[in-house]
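*Asks:* Sequences are here, hints too, so could you generate the full structure?
There are 2 protein chains.
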Amino acid sequence: MPETNFFEQLFTLSPQSEPAGLEFPAKLGFWTFGSQSNPAVLLPTCFNGQLSDTLPFLYAINHGSEPILPLSKYFTVVTGLLGGGESSSPSNTPEPYGGPNFPRTTYNDNIRLQHALCQRLGVKKLFAYIGFSMGGQQAYHMSTLSPDFVENMVCLARSARTSWHNWNVLEGMKHALISSSDFHDGHYQEPPKKGLRAFDRVFSSWALSPAWFRQMLWELLGFKTLEEYLDACWSGSGDANDLLLMLWTWQRGEITLYYPEDEGDFAKTLGRIKARCLIMPSRTDQFFQPEDNEEEVKHLNRGEFRCIDSVYGHLAGGGAGAKEDREFIIDKIRRFLFGDL
Amino acid sequence: MPETNFFEQLFTLSPQSEPAGLEFPAKLGFWTFGSQSNPAVLLPTCFNGQLSDTLPFLYAINHGSEPILPLSKYFTVVTGLLGGGESSSPSNTPEPYGGPNFPRTTYNDNIRLQHALCQRLGVKKLFAYIGFSMGGQQAYHMSTLSPDFVENMVCLARSARTSWHNWNVLEGMKHALISSSDFHDGHYQEPPKKGLRAFDRVFSSWALSPAWFRQMLWELLGFKTLEEYLDACWSGSGDANDLLLMLWTWQRGEITLYYPEDEGDFAKTLGRIKARCLIMPSRTDQFFQPEDNEEEVKHLNRGEFRCIDSVYGHLAGGGAGAKEDREFIIDKIRRFLFGDL
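Sequences listed follow chains S and X, in order.
The opening position of the first sequence corresponds to residue 716 in my numbering, with each subsequent residue numbered one higher.
The opening position of the second sequence corresponds to residue 716 in my numbering, with each subsequent residue numbered one higher.
These are calculated hints, taken from the structure and not from any lab test.
Be aware that a few hints might be false.
Chain copies aren't distinguished; within one or between two, either way the pair holds.
Stated by the list, open to error - The list that follows gives simulated cross-link-like pairs (lysine-lysine, DSS-like), each with its CA atoms no further than 30 Å apart:
#, residue 1, residue 2
1, 788, 840
2, 742, 788
3, 908, 839
4, 889, 909
5, 909, 788
6, 908, 989
7, 908, 889
*Replies:* See the structure below:
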């Protein structure tokens, strides 16, 4: 495992954060690979993701007969999301901002910190910004906030706006957690196991797809019954206040929110993006419907839409789908970045 | 409002109930309309539905220039689901079976009680059994258990088996409720408001559809914001133990479970049905996918599939969709029952 570095900065939170404009001592956990003189690639983490969760993808773009983005040729940066437990998060921040007192940070905050880190690292431009789920939404936010900074962005299983349906799904997950008998308004002394399990049980139905359940694909993972699978994989993980912060960020993913001067004009905000964009939803994603991505692509100057025909729902975008799904993703990213489309 | 009658019987629960085969003093809340000498129609209630929730449908089949099923020509029976709060339920049953000690009853129990009621009322045959949601699943169970008793069944927004995905969705809703700080393992003295609200917030995203949220249809209902709508409509209703009993029944909706001799052969169990069947899913139902219904219809001796092209998700099947959705439902039931198909 690479060593985790920390970029620290006294940082002013965005006007959309709570409290708005707070001066906050933020730190960003990150990894780098390769030489800073090479073209740069940035991989952000996803919801409840650790830096190490990007390893399978790093492996996929570095192996095979013709690796897409070998570390020998690309300076690769991996950044942790605020709330992910490595970067500043409720779980790792001292008073007065620890636990439930942590400020509510936005995508804008994450992106500005990542940009500042890149400057510190001497990165003038990103050859590619590639993200899954909350990482994909970060790709949109980075390309919008710093249009000249990103040459190519890849957005996997995500959208430029958090739809109202998606917002409502998260609201349900949130209530399952905050209503639990062990959450204590975030002032728990021990992990609120009941709340985290309830949260995960609600999450699981959204993260996968009806087709995944119809095909009983937990059996492919070695579980005899669905209940065994749930017990092993969806019984709570992460810190509750961290999860709630990430949900908060996610719920406020609507990209126009950060450009009040665009007056909610979605086309206008997306029109800011200069990067070439590869938009890859999963056909069966219940959080992010492909039709929302098709709508987005209409407003992108240089956007391509490639849908992953997977039964693994949202998780397909993160490489947790079938072997063919992963091969499809890598193949389409290769063609997008290097031609032969 | 008609007077509610109660059919009471010392009743042996099904082998699939818990405790299996318990002798239980059950009561079934019901309404009747019209003369017992007329052909009979039975309308069961849905999940968390009261007898009065069938009134809009009763109105729809009794009004217009040519009412489909006028009370003057059909003996109409409305029955309440066990756990619905009118029939035997955790909330209305004295010790030793009150609250969390209420037995876990199955569709089979509901159907045998309804059948016994019909015998008491002198009904030899049902011209039609029409149900929405858990009512639709009851239609399947009645037609399978008593094949010669039902001439026509209409199943709205439901399937003959509770899919694993559906089971898992309910598992999430259940955990949101039972993990709450005010549920107290079902021994609450006051309604567990937090738990019921969490339950409803999770439920709301499943009951409607992404398209409904995309079109912000809460505005059509007179709400300015989604949060106002949630506060008014999805902040908890019903008794928590009652809801959990109904969920338990729903989770064990798999029809082959009740015919062990069929050894899980779905086609064989559905092949028992002699009734003509009208199967009407909603195109955007997230609980019950139309493709599952298409699969079912292949195994029905006389099944018809008519999909409601609605953005109202599951709720469209209960008449809570657009005016055109309701008209489509009534028109298709008319043609199904009386020709011109």
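*Asks:* Sort out which numbered hints this structure fails and list those numbers smallest first.
*Replies:* 3, 5 and 6
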